[in-house]
Amino acid sequence: MKKHHLTAAVQTALMPARAEAASDQPAADNQSPRSWYTINALAASEPTVEIYIYDVIGYWGVSAQQFISDCKAAGVFSAKQINLHIHSPGGDVMDGFAIYNTLARLTCKIDIWNDGLAASMASVILCLPNATVHMPSNAWVMIHKPWSGAVGNADDLRDLADWLDRNEALLLNAYEKKTGKPREELAALLSADTWLDGLQAKEMGFVDVLEEPISAAAYVNENKMKDFNNIPTQARTLFGAKANAGTAAPVPANPTTTAVLPGQPQQPAGDDAVAAFKRQEQARRNDIQDLFALTGGRFPELMAECLADMDVSAAAAKEKIKAALGTGASETGPLGSTVHIHAGNGNLIGDSVRASLMARCGHAEKERDNRYDGFSLRELARASLEGRGVSTSGMSPMNYVGMAFTHTSSDFGKILMDVSNKSVLEGWESANETFEKWTRKGTLSDFKVAQRVGLGDIASLRKVREGAEYKHITLNDTGATIQLATYGELFCITRQAIINDDLDLLTRIPKLMGAAARGTIADLVYAVLTQNIKMPDNKALFHADHHNLLSGADSAMSIKALSAAKALMRSQKAAAEGGKGRALNIRPGFVLVPTELEDNAFQLINSTSVPGADANSGIINPLKGFAEVIGEPRLSDSDVAQWFLAAQGGDTVEVAYLDGMDAPWIEQQEGFTVDGVTTKVRIDAGVSALDYRGLVKAAGK
17 MKKHHLTAAV QTALMPARAE AASDQPAADN QSPRSWYTIN ALAASEPTVE
67 IYIYDVIGYW GVSAQQFISD CKAAGVFSAK QINLHIHSPG GDVMDGFAIY
117 NTLARLTCKI DIWNDGLAAS MASVILCLPN ATVHMPSNAW VMIHKPWSGA
167 VGNADDLRDL ADWLDRNEAL LLNAYEKKTG KPREELAALL SADTWLDGLQ
217 AKEMGFVDVL EEPISAAAYV NENKMKDFNN IPTQARTLFG AKANAGTAAP
267 VPANPTTTAV LPGQPQQPAG DDAVAAFKRQ EQARRNDIQD LFALTGGRFP
317 ELMAECLADM DVSAAAAKEK IKAALGTGAS ETGPLGSTVH IHAGNGNLIG
367 DSVRASLMAR CGHAEKERDN RYDGFSLREL ARASLEGRGV STSGMSPMNY
417 VGMAFTHTSS DFGKILMDVS NKSVLEGWES ANETFEKWTR KGTLSDFKVA
467 QRVGLGDIAS LRKVREGAEY KHITLNDTGA TIQLATYGEL FCITRQAIIN
517 DDLDLLTRIP KLMGAAARGT IADLVYAVLT QNIKMPDNKA LFHADHHNLL
567 SGADSAMSIK ALSAAKALMR SQKAAAEGGK GRALNIRPGF VLVPTELEDN
617 AFQLINSTSV PGADANSGII NPLKGFAEVI GEPRLSDSDV AQWFLAAQGG
667 DTVEVAYLDG MDAPWIEQQE GFTVDGVTTK VRIDAGVSAL DYRGLVKAAG
717 K
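Residue numbers for the sequence shown, in my numbering: 17 to 717.
Just so you know, these hints were derived from the structure itself, not from any lab. Just to be clear, a hint being listed does not mean it is correct.
Said to hold, decoys possible - No farther apart than 30 Å at their CA atoms in a straight line, the calculated lysine-lysine pairs in the DSSO-like style are these: (1) Lys453 / Lys576; (2) Lys589 / Lys457; (3) Lys294 / Lys457; (4) Lys576 / Lys589; (5) Lys582 / Lys550.
Here the structure is a predicted model, which means the values were calculated and not measured.
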């Protein structure tokens, strides 16, 4: 989908005003000061973590990236038990899926409590696989189709519709996996904006354990609730302000970090009144800055006016922005000719900075209306901070670039990682390696040693007489084995590089590392041939007993030697105990040669006649086109005379990747010893010869 920008549709974005969902509450030490979640690690003797998602996911500029970082700090990924409490009207789709995918990969015991409402994206998180879901009979689950506000031409709106359809498919995947219900039935529920109480959710399969009803639930963001249709009267009563009076969300016992949960504002003591006032005023200013950040800096005077007037709340500021947007729009349509989309909370500045940098690094086309085109790296760092409402006034470049890396609201580091990832993949794709032509791609799900079945492991099928039973074939443990290993390197993107506008750290260096990753796999593959590794029968891959080795003067590259190698491969048989094995009829598909022999081999195989024969003699080349010639410098490094024959179909050498991910991974960590971020490029792969029958070696001398 094309990259789109938010202007006129900011009005849609501002509907669930962030400020109106906020409460002045402190948070746990490992959370942002204003957040939609809290995480509490219990006593060390009990490796249990409590997570509360109690507001709109993605609000206040707190992203899933920060949530996952806080999870790591609180020990979520090493916990044996996770208690996840949800009371949320939903929120940002991308943040929600990031949370779902991260928690879904965990193997510990997970219990989820719906403490009142799991609506929209929160209902997807409720459906974590392998989790036990608890829900009071009078709590609610709400599911609906993803939605967005947009203006633009027909093509733009079709793009948006496609994007929404893809997100709906992801929602249905989660619901289908949890409930086991037919996809068509679930899709109908989405279309109807369906509300399910505890009993209905239990019957549908969304809930595993039905709990006793609750008397009241914590307050739910009123503006967000206005976005929903078909809200049952019982739900409105349960989540209303009166129902919330005196109600507090549960607090886990013996936490090592203390958090005041959403819905539990502290009442300041008299001595703290000034401090409380300061917090409230700062919260007001932050909320207003968040709202104006969505406008892309179009109304600086209006923002200054709102910030200066302490009587202007975030809600009032929202109305002023709506009025300003209304007066600035043309009668004939949206500003300019670009589509303007809001989905979730949006990130206009971050998306524009990312698009600008992608174009500058050659990974995307330049956008005509992107105000950040031509900005240097340090200017983009500053823009990413100010777009999140973080003032850089009076800061030196060294300071604000450093803050762009470390500030919890900044996504500058993530943008740099996205650009670096594009460069790594470009290097991987452009690396001119030959091994994939004649090897087989495999998949491994872990780092354990795995067994492989070779060409000769199944000799033949037994005859089954009428009425007799079929028998299981017996496979011995002498097949080839394969195991994953991790290969990788680090590189650093420093503050100095950003200030110096050094694009090599985002383009050339990661691209070279991507190419090196592919080259590493090629090194492993050709080492199988040149090092003549041992097979499970404790004999070398190329061995006289394997009938796949030519040696002596007659093995030098020639029509005669090629014919002999072909005959060896074609005569290979499956293993058979006490009898003659079945002929496998393996056909050669590739001739692997050092680069010194490449031209000679190509001429021998592709000529119409044989060397030494007159062109009109009528003597044809019997091997014309029988295999593809692959010249490989790694074979030259080993021996310029030897060459190999490889079978068609890939039953030669397997290259396996973790979960089938046949491209490098890139990960990023903020550095403590380095002023910037450290980026890791890694790939998990394993290489093994599958069966000696699919390969022949000619010593060439």
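A quick look at each hint next to the structure:
1. Lys453 / Lys576: OK: Lys453 and Lys576 at ~25 Å, within 30 Å.
2. Lys589 / Lys457: holds (24 Å)
3. Lys294 / Lys457: violated (61 Å)
4. Lys576 / Lys589: holds (23 Å)
5. Lys582 / Lys550: holds (23 Å)
Of the numbered hints listed earlier, the single one contradicted by the structure is hint 3.
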